[in-house]
Amino acid sequence: MSFDLNFIGILIGAIMASSVPLILAASGELITERSGVLNLGVEGMMIIGAISGFALMVVTDNLFFAVIGSMFSGLIISLIFGLLTQSLLTNHVATGLALTIFGIGMSAMIGKNFVGIPGKEFPLLFLSLKESIPFVGPIFFGHSIILYFAFGLPFLTNYFLKKTKTGLIIRAVGDSPTSASNQGINVTLVRYSCILYGGAMCGLAGAYLSLIYTPQWIENMTGGRGWIALALVVFATWSPIKVLIGALIFGGITILQLHMQAVGLRIPVQLLSALPYIMTIIVLVVISRDSRKIKLNTPTSLGQIFYKEK
Amino acid sequence: MNTKLKVSEISKIYPGCIANDKVSLEFGSGKIYALLGENGAGKSTLVKILSGVVKPDEGKVFLNDESIKLNSPLDAKKNNIGMVFQHFNLFETLSVFENLSIDSDKKDEDLRVLVNDILKKYNFKIDLDVPVLNLSAGQKQKVEIIRCLIRNPKVLIMDEPTSVLTEQETDDLFVSLKQFSKDGILIIYITHKLKEVLSLCDEVAVMRKGKVVSVSNTIDEKIESLANKMVGENLNTIKKKINNFKNSEEILKISNLNFKSDDPYETNLNNLNLSLKKGECLGIAGISGNGQNELFQILSGEIITEDTSIMFRNKEIGKLNPRERREYLMAFSPEDRISQAAVPELKIYENVALNNFKSSNFFEKGLVNEKKIKEHSKKILSNFSVNTDNVELKSQFLSGGNLQKLIIGRELITSPELLVCFNPTWGLDVGAINYIHETLIQINEQGKSSILISTDNDELLKLSDRICVIYKGKLSKIMSADTVNAEKLGILMGGGSID
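Which chain is which? The protein sequence lines are A and B, in order. Following this note's numbering, the numbering of the first sequence begins with 1 at its first residue and continues without gaps. Following this note's numbering, the numbering of the second sequence begins with 1 at its first residue and continues without gaps.
For the record, the hints were derived by calculation from the structure and aren't laboratory data. Hints are not guaranteed to be accurate.
What the hints assert, rightly or not - Only some residues are given here: those of chain B computed to face chain A with a beta carbon under 8 Å:
(1) 86
(2) 119
(3) 238
(4) 239
(5) 242
(6) 243
What the hints assert, rightly or not - Here are the simulated DSSO-like cross-link-like pairs (lysine-lysine), alpha carbons at most 30 Å apart as the crow flies:
(7) A/165 / B/229
(8) B/239 / B/193
(9) B/22 / B/55
(10) A/295 / B/260
(11) B/239 / A/162
(12) A/163 / B/193
(13) A/308 / B/347
(14) B/22 / A/162
(15) B/106 / A/162
(16) A/308 / B/125
(17) A/163 / B/106
(18) A/295 / B/78
(19) A/165 / B/106
(20) B/31 / B/229
(21) B/239 / A/308
(22) A/308 / B/106
Note that the structure is a prediction, hence the values are computed from the model and not measured. Here a beta-carbon is modelled for each residue, glycine too, at the ideal position from N, C-alpha and C.
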């Protein structure tokens, strides 16, 4: 077997593309969780984003509307979660699970009429550069705008949480909603905003799948990526940069093991398929071992219902 | 500038409880006011109203003769009313500076200058860039105070500020408060500790069951007079007769005990030696965080040690777990009632059942014998004067005092030979403290032994036969209680030595 350099470049490009939905969904969920809200509905919000993006693309024939619409529908479905958990004070875990089940069912219902319709080609940027520069070209160029956004997002999120006042307020609410409320911070508003943002990012992650990564609608096409995104946030100990690393490892091993299967290595297929999950967890656990940092990054009030004294 | 604060006819009713009943009080700057009352007297509700956290059902608040609306904490801030809460309102995982800046409209650089000025002026020593969870309780409180000072408060309300402080930290706090008062800040000091009222405050208002029952100058008051007003009945003072146990049977012996922790936040224990006689109370003093937690856990079996290092009634028990130790008639009352001693969400009888023995027969063939547990629980409630007879009540609805009585009762009803308690009266009101103290003296009189780990020196001097001090994981020599006083303990607690 001989790998040329350009092939490795293309492989890395493919790995990056496959990790985009994880980065988007996990970055959104990270903000939600940092405010102390545990939304287990990531998978449901992603799949709703996927179908609404695809449906809008088919109906309007406009990719811009499709992308914005997918974010909006993710936002709307997370609003249901917000209403239940923040205004009606239901349990976060149960509500999130219900949201996922609801999202999967709903998307299958809407999606019935869209099965088998071919997708529309999504514009890729810098295609000429991709062709002309070996190795580096396929890594950095020829991607959709959403990929570039996704790779910038963890850094933006990190900056936002650490350096801006709003980020500080979100961390404070996640640490102690009671203290925040006593300081005059509107905890419910902050948490609602974070939930909606998380919903929008999950919607976008879904749209990436149905519009760009595999441009078509297949029932249940998120295939558990929402759960992986959730796990990434926890194993990355709520650090956006580690989320990026985790997503890349997961995407990387997913692609690599497919190639390993293709070349017919004598390793059981099941083991190869399990490899991305195992490796991602191992690597993230190893790089997040500092118990002090975990304590500082973990939103102390995660999953707790907040009542305001009257 | 002079500040006048007046609350007029404030009422607040919670379901089943009148927290504030037409409370009217007046305050003026330049003085420190005490608001005194037992737990549940309505002090905290009143200050929550003043800080905008809770809205009153009736009544008005006047600041400099103008009626002000306090609908939210922001309103209190706008009116320059600052509040330091009993349970700190800090964000543990954020740095000190982040905790301060979240509340400020100032630019970070300007704020840092301002905070450094405050630190210098009041001689506070706090690193602004460490996370709050690394600070001691005293330092955390200073952060809260600084947060108020940033806003140039006219009124500063302190809600039971010393309940988590050591004596040294308390002294420091009083110095600062007097300085603030001199600088023209009106200070309202909420407490149930009588000594503090007399040593710090100029005027005192006593609250009982939601009503103000007395307002007076502290010069005209004594500890006894305030206590009686606060409790509404005459309290008898207790003092234990110190006994000599030279010839009594030895019940517990700890020899050459070492403990090294992997957790950097825990204290290592070095070469502990002590012995305890039948019927004796050994007091262990010290500033919190000097190894008391670890020592308690070693005694209770939460931390396992060398078998030979702990002998209880001539048996080696170092490797036994808490349940096994209880079978040998040891009993334990941990410091934290809510998270260590009881499960707040469980009912009273379920909490009682947690402390099960083979001999108690609470469980038969893996099934819960509810009837038996409930009978047993009822006995505890009545024998130990817990203020309810409903064993189905969730433990979280018990006041601190009643919960502590339940816990001590649960431990003592099996007639253990040794009771180890850790800060048994922490945060309790005078009535409950008195009751617990009487109970602890009683068990010694019945020939049972006790180890009292406490940060309250008065309590230790009142109850112990012999006392020693734990400092940085080491025990001082053990002294007879009649040869020590608070001053000597203070020196040892600070790491000094006495002859």
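To see whether the hints hold, each was checked on the structure:
1. Hint status for residue 86 of chain B: violated, given a least beta-carbon distance of 12 Å to chain A, over 8 Å.
2. At its closest, the beta carbon of residue 119 of chain B sits 21 Å from a beta carbon of chain A; the interface hint therefore is violated under the 8 Å criterion.
3. The beta carbon of residue 238 of chain B comes no nearer than 38 Å to any beta carbon in chain A, farther than 8 Å, and the hint placing it at the interface is violated.
4. Interface hint at residue 239 of chain B: violated, since its Cβ lies 41 Å from the closest Cβ of chain A, which is beyond the 8 Å cut-off.
5. Hint status for residue 242 of chain B relative to chain A: violated, with the closest Cβ pair at about 45 Å, above 8 Å.
6. Proximity of residue 243 of chain B to chain A is violated relative to the hint, the smallest CB-CB distance being about 47 Å (cut-off 8 Å).
7. The suggested pairing of residue 165 of chain A with residue 229 of chain B is violated, with an alpha-carbon distance near 48 Å, which exceeds 30 Å.
8. Only pairs whose Cα atoms come within 30 Å are accepted, and residue 239 of chain B paired with residue 193 of chain B is accepted, the gap being roughly 18 Å.
9. Taken as a hint, the residue 22 of chain B and residue 55 of chain B pair is honoured in the structure, with Cα atoms around 14 Å apart against an allowance of 30 Å.
10. For a cut-off of 30 Å, the pair hint linking residue 295 of chain A to residue 260 of chain B stands: about 22 Å separates their Cα positions.
11. Of the pairs offered as hints, the one joining residue 239 of chain B and residue 162 of chain A is violated, with about 56 Å between alpha carbons and a cut-off of 30 Å exceeded.
12. Restraint check: the Cα-Cα separation between residue 163 of chain A and residue 193 of chain B comes to about 43 Å, which exceeds 30 Å; the hinted pair is violated.
13. Taken as a hint, the residue 308 of chain A and residue 347 of chain B pair is honoured in the structure, with Cα atoms around 25 Å apart against an allowance of 30 Å.
14. For the suggested pair residue 22 of chain B and residue 162 of chain A, the alpha carbons sit about 47 Å apart, so the restraint of at most 30 Å is broken.
15. For the given pair, residue 106 of chain B sits about 18 Å from residue 162 of chain A by alpha-carbon distance, which is consistent with the 30 Å threshold.
16. Taken as a hint, the residue 308 of chain A and residue 125 of chain B pair is broken in the structure, with Cα atoms around 34 Å apart against an allowance of 30 Å.
17. Proposed proximity of residue 163 of chain A and residue 106 of chain B is supported: the alpha carbons are some 15 Å apart, at most 30 Å.
18. Restraint check for residue 295 of chain A and residue 78 of chain B: the C-alpha separation of about 34 Å exceeds 30 Å, so the hint is violated.
19. Of the supplied pair hints, the one linking residue 165 of chain A and residue 106 of chain B holds, its CA atoms being roughly 11 Å apart against a limit of 30 Å.
20. Between residue 31 of chain B and residue 229 of chain B, the direct Cα distance comes to roughly 22 Å. Compliance with the 30 Å bound is thereby established for this hinted pair.
21. Under the criterion of a C-alpha separation no larger than 30 Å, the hint pairing residue 239 of chain B with residue 308 of chain A is inconsistent with the structure, at around 45 Å.
22. Between residue 308 of chain A and residue 106 of chain B the CA atoms are separated by roughly 27 Å; this keeps the pair inside 30 Å, and the hint holds.
Hints 1, 2, 3, 4, 5, 6, 7, 11, 12, 14, 16, 18, 21, counting from the list given before, are not met by this structure.
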